[in-house]
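Colleague: Take a look at the letters that make up each chain.
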Amino acid sequence: MSKYHTDYLDQLESESIHIFREVAGQFEHPALLFSGGKDSITLVHLALKAFRPGKFPFPLVHIDTGHNFPEALSFRDELAASIGEKLVVRKVEDTIRKRHLTEPTGKFASRNALQTFTLLDTIEEFGFDACIGGARRDEEKARAKERIFSVRDEFGGWDPKRQRPELWNTYNGRIRKGENVRVFPISNWTELDIWNYIRREQIALPSIYFAHDREVIDYQGQLVAVSPFIRLDPADEVLSRRVRYRTVGDMTCTAAVESSASGIDDIIREITATRTSERGETRIDDKVSEAAMEDRKKNGYF
Amino acid sequence: MDLLRFITAGSVDDGKSTLIGRLLYDSKSILTDQLEALERQSRNKEDGEIDLALLTDGLRAEREQGITIDVAYKYFSTPKRKFIIADAPGHIQYTRNMVTGASNANLIIILVDARNGVVEQTRRHSIIAGLLNIPHVVVAINKMDLVDYSQDTYNNIAIDYAEIARTLNLKDVTYLPISALKGDNIVERSANLPWYEGDTLLELLERTEVEKDVNLSYGRLPVQYVIRPQTDELHDYRGYAGKIISGIYKKGDAVTILPAGLRSRIKAIERGGEQVEEAFAPQSVVLHLEDDLDISRGDLIAKDDHLPRVEQEMEVLLCWMDSKPLVGGNRYLLQLGSRTVRSVVKEIEYRLDVNSLEKDYSTQQAGLNDIVKARIRTATPLPYDSYAELQVNGGAILIDETSHVTVGACMIQ
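Read top to bottom, the protein sequences are chains A and B. Each residue of the first sequence is one higher than the one before, starting from 375 at the first, in the numbering used here. Each residue of the second sequence is one higher than the one before, starting from 26 at the first, in the numbering used here.
Hints are supplied without guarantee of correctness; some may be wrong.
[As the list claims (entries may be wrong)] In silico DSS-like links for lysine-lysine, alpha-carbon gap of 30 Å or less:
#, chain 1, residue 1, chain 2, residue 2
1, B, Lys349, A, Lys551
2, A, Lys535, A, Lys551
3, B, Lys292, A, Lys377
[What the hints assert, rightly or not] So the derived label-pair ranges between C-beta atoms look like this:
#, chain 1, residue 1, chain 2, residue 2, range
4, B, Glu383, A, Thr646, 30 to 40 Å
5, A, Val612, B, Pro104, 38 to 48 Å
6, B, Gly298, A, Thr646, 53 to 63 Å
7, A, Ile577, B, Ser321, 30 to 40 Å
8, A, Lys465, B, Asp330, 55 to 65 Å
9, B, Asp330, A, Ile577, 17 to 27 Å
10, A, Arg550, B, Gly298, 31 to 41 Å
11, B, Gln389, A, Lys465, 34 to 44 Å
12, A, His403, B, Leu259, 21 to 31 Å
13, B, Val301, A, His403, 14 to 24 Å
14, A, His403, B, Ala285, 27 to 37 Å
[What the hints assert, rightly or not] Which stretches of chain B does chain A cover? Using the computed rule of at least three CB atoms under 8 Å from a CB of chain A, they are:
#, region
15, 186–193
16, 348–357
17, 421–432
Hints in this document: simulated from the structure, not taken from any laboratory. Only a predicted model underlies this, so the values are computations on that prediction, with no experimental measurement involved. By construction, the Cβ of each residue, glycine as well, lies at the ideal position given by its N, Cα and C atoms.
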C-alpha cells in the first residue's frame, strides 16, 4: 500500500465536502436541515471541514414537530452556539394553527407528515434554493434512487421519472424560480460508515444514543418511550428498560432498542451483529406500506 | 479498507437483479426485516420461492410494471472493502442510465447468458464500458446450471468475447462462470465447476487493484469556492477550496491558474482545518498561493510540470440524454468540474451504432440515447484533458439553458 492510499472513510469524507462546496458555489440561499440526529450532526462536522475558518454559507434550519426528544433539542442549541452558526427553528405547531391543519389522532399520533407543510413554508419564507439533508441511500428503497442533487418542484415534490442524469462528480444545480434542490452529501454512506466516522472523528452525540434507563411500552415488539405525545391504553404495561436509540426522530414514531452499549465501540459492535435494518428496527412510520417513503417524497418530504 | 464502485450491466433476463440479490444475500448484507418484506412480496407471485431480484427493484411504479426505470445504488462491505453498486437497467432505451451509472465505476460486471452467448446487448454494454473508460471488466457467464456446467460452452463464449475486448481495446478483462440463481461462484466456490480454478466473483471484487486507477501525476484542482473570513484576526486569509481530482500538491510547487494563465507557488495546504505538507487525489483541501491573484470558482489550479490543454474548440463523443433532439448549431451550457461556460455544438460528424460500432455519417441530429461524435465551441477557453488520458478532467455535461436539464454527457477527445 503506497503512502498515497486513501481510506474509504477519507474518500467518503472528501466526496461529501466536495458536495457541500458545490452547494456554496452554485446557490444563493442554501440551508442545512438539522434535526439533532447523528446524520445531521455528521453533516455539521463535514461542513466545518468544508468551510472553516470561514463561516457556513447557510444557516442550520430545524423543523420542530414539537414531539422531539428534549435531549436532542438541547444538544441542537448547544451545538449551534458552540460553533457560532445561525440556527433557524420553525415549529409545526405554528403551521397547524396558521394553516388550520388537522392534528393526526391515534395511539402514536405522528406529525411526521405535517412537517412537510412547515418545511415548504420555511423554504418560501427565506427563499431557500437548496436544502441540504442527511438522507442516506442505504436507508430505504426510494432513497436508493434519488440523486445527490435532487430537483423538487414548487410543492417540494420528487418525480423519480424526471430525474436528471448525474455523471462523474458533476452536479447540475440549475433551477427555475420556485423550484428548489434537495442535496444529500452523505448519500453514499451507510449506517456503519457513519458510526465508524463518528468514532474516528470523536464527534459528540446526544445522550439518547447511548444506553440509559427509560420508561417504555412494548408495542408489537417495538419499545416506545412513554411521553405526553403517545396515548397510553389500559392494556399498556409501562416497563423500565435499559435502551438506546439507533435513530432519533419524533417520540411518536421512533422506537428504542434494548441495549447496554454505553460507548461508541459497544454500539458499533451491536450494529455489526444486528440482523435488523436501522429503519426497520426503529421507525414506526415506515411500516404503513411498502412504498411509504416513495409517497412522502413525492409529496415534498425530505 | 478501501472503496470499489462497480456497475452491473445486463437485463432482467440475464439474471442481473438475481446476481446483485445473491451478492447481498450471500455476503449477509440483507437484514431480517428486509428479508421479511421480500418474502411478503414474493408470496404475491405465483411460485413460492424468495425472489432475490425483488431486492433491487426500488419503486412501486417499477414493481408494478416489473421494470427498472433508473439507476439505484446498493451498498455492502466485507472486512476488506466497501462496495457501491450502481444498478442500471440494460434495455436499449436506457443507454443514458447505463452511461450515468458507469461514469464513476472502477469496474463493470458484464453478464452473459450461457445459453445465448455473446449477443447484441453484450456488445452494446461493452462498447459503453469502453467509451467511458471503465478500468476493469468482469465477464460473468451466468446460468451455467442451465448448460450442465459445460466447460466447452464457457470457453467458446470467452473466445467470442475476447474478440470484442480486442476491438474495443478493453484493458483488464477477467472471465468467470457463475450461476447467480444457484449461488455458484458468487461468494461460495462451486462444486459444480471443478474445472474452474480462478476467483469467485466476491474474491475478484475484493482483489481488483483500484489504487492505480487514480492519476497521481497531473496536478489538477478545480476551485469550487473561495474562503475569505474577513475577520480581524484572519483579515488576509484567502483560501481556494476544492477537491484534488488528480496529482499530488506540495508546498512550494509551481502552479498555473487556468484559463487565465497566471502563475504562482503553493504557500500552504490545509486539509480538514489542519496544515499539511502535501495532499493528493482525491482529497478535498484548501490551497493558499504566494501571490495575491484574482481567482474564483471555475478556475483550475494546475501544476506546472504537466498542464492541460486550454482551448475553445474540442471534439467530443457525446451521449444524448434528452427527448428533444440535438441539432447542429444548438447552444448549451457546458459544465466541466466547477466551470460552466456557454457553448455551441457546431456540427455532428457521425452517429455511432452502439451495437456494431459502425459510423453513420449521414446523421444531422442526435436523439435520446444516441452516441455521436461532435465538435463543440465554447465562449471562453476551457482547460481540459482528453477523457481517455485523464477521465476526471475530460468528462463534461451539457445543460439546456431553458429547461436547466442535463441533456448530454461529453467525453472530450
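Colleague: Take the hints in turn and mark each one as holding or not.
Modeller: Hints and how they fare:
Taking the CA atoms of B:Lys349 and A:Lys551, the gap is about 22 Å. The hint holds against a cut of 30 Å. A distance of roughly 21 Å separates the Cα atoms of A:Lys535 and A:Lys551; the hinted pair therefore holds under the 30 Å criterion. Between B:Lys292 and A:Lys377 the alpha-carbon distance is near 22 Å, which keeps this suggested pair within the 30 Å criterion. In this structure, B:Glu383 and A:Thr646 break the distance hint of 30 to 40 Å, their C-beta atoms being roughly 52 Å apart.
Between A:Val612 and B:Pro104 the CB atoms are about 42 Å apart, so this pair conforms to the stated range of 38 to 48 Å. Between B:Gly298 and A:Thr646 the CB atoms are about 30 Å apart, so this pair departs from the stated range of 53 to 63 Å. In this structure, A:Ile577 and B:Ser321 meet the distance hint of 30 to 40 Å, their C-beta atoms being roughly 32 Å apart. Taking 55 to 65 Å as the suggested C-beta distance range, the pair A:Lys465 and B:Asp330 conforms, at roughly 57 Å.
Range check, B:Asp330 to A:Ile577: about 39 Å between beta-carbon atoms, so the 17 to 27 Å window is missed. For the hinted restraint 31 to 41 Å between A:Arg550 and B:Gly298, the CB-CB distance of approximately 37 Å keeps it satisfied. Here the CB-CB span from B:Gln389 to A:Lys465 is close to 58 Å, at odds with the stated 34 to 44 Å. At about 24 Å, the CB distance of A:His403 to B:Leu259 agrees with the hint of 21 to 31 Å.
One distance hint, 14 to 24 Å for the beta-carbon pair B:Val301 and A:His403, is violated here, with the actual separation near 33 Å. Evaluation of the 27 to 37 Å hint for A:His403 and B:Ala285 yields a pass: the beta carbon distance comes to about 29 Å. Residue count for the region 186–193 of chain B with a Cβ under 8 Å from a Cβ of chain A: 0. That is fewer than the three needed, and the coverage hint is violated. Note: the region 348–357 of chain B has 0 residues with beta-carbon separation from chain A under 8 Å; the three-residue rule is not met and the coverage is violated.
Remark: the region 421–432 of chain B is confirmed as covered by chain A, as 6 of its residues place a Cβ nearer than 8 Å to a Cβ of that chain, reaching the required three.
This entry does not satisfy hints 4, 6, 9, 11, 13, 15 and 16, going by the numbered hints stated previously.
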